[in-house]
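For reference, the chains in residue letters:
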Amino acid sequence: SQQGEEDPQALSIQEGENATMNCSYKTSINNLQWYRQNSGRGLVHLILIRSNEREKHSGRLRVTLDTSKKSSSLLITASRAADTASYFCATGETSGSRLTFGEGTQLTVNP
Amino acid sequence: DVKVTQSSRYLVKRTGEKVFLECVQDMDHENMFWYRQDPGLGLRLIYFSYDVKMKEKGDIPEGYSVSREKKERFSLILESASTNQTSMYLCASSLRTGGNNSPLHFGNGTRLTVT
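From first to last, the protein sequence lines stand for chains A and B. Be aware that the first sequence starts at 24, since it is given in our numbering, and climbs by one per residue. Be aware that the second sequence starts at 222, since it is given in our numbering, and climbs by one per residue.
I should point out that these hints are in silico values taken from the structure, not numbers from a laboratory. Just so we're clear, the structure is a prediction, and the values are computed from it rather than from any experiment. Positions of the beta carbon are idealized from the N, C-alpha and C atoms, including for glycine. There could be a bad hint or two in this list.
To be verified - As a list, the in silico SDA-like pairs of lysine to any residue whose alpha-carbon atoms are at most 25 Å apart:
#	chain 1	residue 1	chain 2	residue 2
1	B	Lys-224	B	Arg-317
2	B	Lys-278	A	Thr-117
3	B	Lys-274	A	Arg-121
4	A	Lys-92	A	Arg-73
5	B	Lys-278	A	Arg-121
6	A	Lys-92	A	Leu-34
7	B	Lys-276	A	Thr-117
Said to hold, decoys possible - A few chain A residues that don't get close to chain B, going by computed Cβ distances all over 12 Å:
#	residue
8	Ser-74
9	Asp-89
10	Ser-91
11	Leu-122
Claimed, not checked - Part of the chain A face toward chain B, derived, beta carbon under 8 Å:
#	residue
12	Asn-54
13	Gln-56
14	Ser-62
15	Arg-64
16	Gly-65
17	Leu-66
18	His-68
19	Leu-71
20	Gly-115
21	Arg-121
22	Phe-124
23	Gly-125
24	Glu-126
25	Gly-127
Based on the provided sequences and hints, a complete structural model is requested.
Written out as structure tokens, the structure reads:
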């Protein structure tokens, strides 16, 4: 069953702009993770935020988590053409040990 | 760096064939997973394993089975391939420590076409 839902499904921006992607989920979670997938490749882990954290940074990435609204956002600042990829959120539920993925946001950064 | 290797990038099989998808990881991870990825449906968990000879069903196990005879290897088996199993198959591994707080490491995927 799908847990996370990303919004928007697709996003197209110019190089240098910021990109914001959102994820909503339904059940209680231990953590929320963001992954990136280049076309035709596997997913690569970007960042993990635990349920007791509200914000986390990694380089040009900023992730927020609002457990009261059951939502998270991923912000990529000063985007580059190389950031073009699909981005997925994945939730680790409080019961169980596996992750459930959303459908992803396709980000296109135009040079 | 963790390396998860899937034996084939592209595979074409006929309906009714038995298909083996192989996955090997080199970082001594306890957990291994098989997902399939389809447009508009995201990643869906087929089977996973927390230890050798151990397996658990995911969300869509029908038509699939798995084998984990060695810690580093997790095989996905399509007993009798059907056209609706045409998809991208992704293998992943993670440390057992921390439960689902451990990030997944993915292979590059196998694109299977069943004709």
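Okay, the hints, checked on the actual structure:
| no. | hint | in the structure |
| --- | --- | --- |
| 1 | B:Lys-224 - B:Arg-317 | holds, 17 Å |
| 2 | B:Lys-278 - A:Thr-117 | holds, 18 Å |
| 3 | B:Lys-274 - A:Arg-121 | holds, 18 Å |
| 4 | A:Lys-92 - A:Arg-73 | holds, 15 Å |
| 5 | B:Lys-278 - A:Arg-121 | holds, 11 Å |
| 6 | A:Lys-92 - A:Leu-34 | holds, 23 Å |
| 7 | B:Lys-276 - A:Thr-117 | holds, 20 Å |
| 8 | Ser-74 | violated, 10 Å |
| 9 | Asp-89 | holds, 19 Å |
| 10 | Ser-91 | holds, 21 Å |
| 11 | Leu-122 | violated, 6 Å |
| 12 | Asn-54 | holds, 5 Å |
| 13 | Gln-56 | holds, 6 Å |
| 14 | Ser-62 | violated, 11 Å |
| 15 | Arg-64 | holds, 5 Å |
| 16 | Gly-65 | holds, 3 Å |
| 17 | Leu-66 | holds, 5 Å |
| 18 | His-68 | holds, 4 Å |
| 19 | Leu-71 | holds, 6 Å |
| 20 | Gly-115 | holds, 3 Å |
| 21 | Arg-121 | holds, 6 Å |
| 22 | Phe-124 | holds, 4 Å |
| 23 | Gly-125 | holds, 6 Å |
| 24 | Glu-126 | holds, 4 Å |
| 25 | Gly-127 | holds, 6 Å |
When each numbered hint is compared with the structure, violations occur for hints 8, 11, 14.
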